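So the sequences go chain by chain: V and L. Sequential numbering from 1 applies to the first sequence in our numbering. Sequential numbering from 1001 applies to the second sequence in our numbering.
These are calculated hints, taken from the structure and not from any lab test. Given the structure is predicted, the values throughout are model-derived calculations rather than measurements. Some hints here could point you the wrong way.
What the hints assert, rightly or not - Part of the chain L face toward chain V, derived, beta carbon under 10 angstroms:
| id | residue |
| --- | --- |
| 1 | N1134 |
| 2 | Q1135 |
| 3 | L1169 |
| 4 | V1179 |
| 5 | A1180 |
| 6 | V1187 |
| 7 | T1189 |
| 8 | A1190 |
| 9 | I1193 |
| 10 | R1197 |
Yeah, the Cβ is synthetic: ideal placement off N, Cα and C, and Gly gets one too.
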Amino acid sequence: MNNDILLQLDHVSVDIVRAPILRRVHAELRSGHIIAVVGRNGAGKTTLLRTIMGLVKLKEGQILFEGRDLLRVAAHSRARLGIGYAPQERVMFPTLSIEENLRLPCQVAGMSKAQVDERLEMTLDVVAQLKPMLGRSGAALSGGQGKMAALGRALMIGSKLILLDEPFQGLAPALATEYSNALKNLQLRMPDLCIVVTESNGSLLKDVPDHVLHIERGELSAVTRFATAVGPDTPSYLPLEAHS
Amino acid sequence: MSSDILILAMLDGISYAGLLFLVALGLTFIFGVVKILNVAHGSLYAFGGYGAASLGLWWGQGSDSALVSVALLISGAIAMGVVLGTVLMLLLKKFQDRDPILQLLVTFGAFMIFEDLQRMIWGTQPYFVADVVNQLGTSELMGVVYMNYQLLFVPGAALAVYFLLKWFLNSTLAGRQIVAVTHDREVATALGINARRIGYLTFVVGAVLGSLGGALASPTTSLVPGIGADMIVLSFAVVASAGLGQITGALITALLIGLSRSFCVYLAPEFEVVMPYLIMVLVLLIRPQGLFTVVQARKI
């Protein structure tokens, strides 16, 4: 497992309409980990992910991705760095088929047909539930299917980091298990991928995350609930540090 | 009522609907992506008409070829659309992320300036360049002799644009990016789409559609100051009745308004002017979101 710091947030503060949403957030996310960000509604989970994607303006702070200043990268150029994003509301484009939806970010990034085919094959391997849906319209999905499709689309372009905003929200228990299995499967298949999952109800996540971060009123703090996931013989480093 | 009048009214209506559709399509298309109701779209119609007429006067005189005339019409429209669309886009760039009402006012201001510019360049004398209409000849349809230009060319061009645009949006990468930005700008950006560039592309395509409408109208309408204002109001009636951002809806509504207007001309001329608005008011009373829109939160 590759343990380099992939994404580092330093004293990141964000205001939305002059109300502070994130307050001096500090976090280091490493490759190969599944990280859960748990917090109540309105705590700043979605804003945290949108900040990483460049969709909101920072008031202060710095974000480094693979050591490079992410603030100098335009929002629309961040996907190309290998960051995939699945927003909370499943936003499949309704006039395109699921397959077209999945291919779109890769095509926009300028990948060749062969490369896109390869990513699609990998994605379908991990999220096998998508296979029968490929030909369907983006408008014709149930909530759970939409979550799966959004995961798939994030995976298509997110070769290094994927951000999943409340994927378990509204999933039936059976589907939630399927979704967790897909995430674990993904970790096996792509051991260097860093996965960030937000959730308001931490218990839904079960043993999926390697690390859990709590977010409350825009402040992030680390909780290492699942120490076993890191391995008992590696307690010397804390893969995630958060302080405010 | 004789059947001749019925057929005449129908043909007039279809031909007029073709023009209306092109202009309304540009308006609704721009709104879909940029979320701005472009009042200056009426100027694009007027400039498209004048531009095409001027090209026809400069280069089309003495030529008998309908192909040359058609090529001049279309190239005049595209040139005007690209130039004015770019000017408008640069202007609006200064006001992006501001109140939508302010952006609306900016396009209104631009409309007034373009209107005066048009008087400055072409004067107030009516322009009329109808070579292409004669070159394309006439046909007889159930006893009614009708110009091929209005019978076939204008509706044909409108349908061709409709299908071309559908194909462009569904099957090309640029088109799919437009669809993505229209649906959700933020998600599209997160997927790597440069929404600003796509916005510019959309604006120019929409502007060309507006000016194409003007260019195609120019051989059968005399160009006078104020035609832009008439058209923007009418095409707004189409767009509002169809629902903003609805392409197929705009086609059907343009046909509805075009036909009812031309039937009015023959049967109850005193209602001609009020007819499109009557339809709009009726539609908006029953379905405030427009005929073809699914309900969603209001922006303005």
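Tested hints:
1. N1134: violated (42 angstroms)
2. Q1135: violated (40 angstroms)
3. L1169: holds (7 angstroms)
4. V1179: Nearest chain V Cβ about 6 angstroms off; hint holds.
5. A1180: Status holds, d = 5 angstroms.
6. V1187: Status holds, d = 4 angstroms.
7. T1189: holds (5 angstroms)
8. A1190: holds (4 angstroms)
9. I1193: holds (5 angstroms)
10. R1197: Given a least distance of 9 angstroms, the restraint on R1197(L) holds.
Checked against the numbered hints listed earlier, the structure breaks hints 1, 2; every other hint is satisfied.
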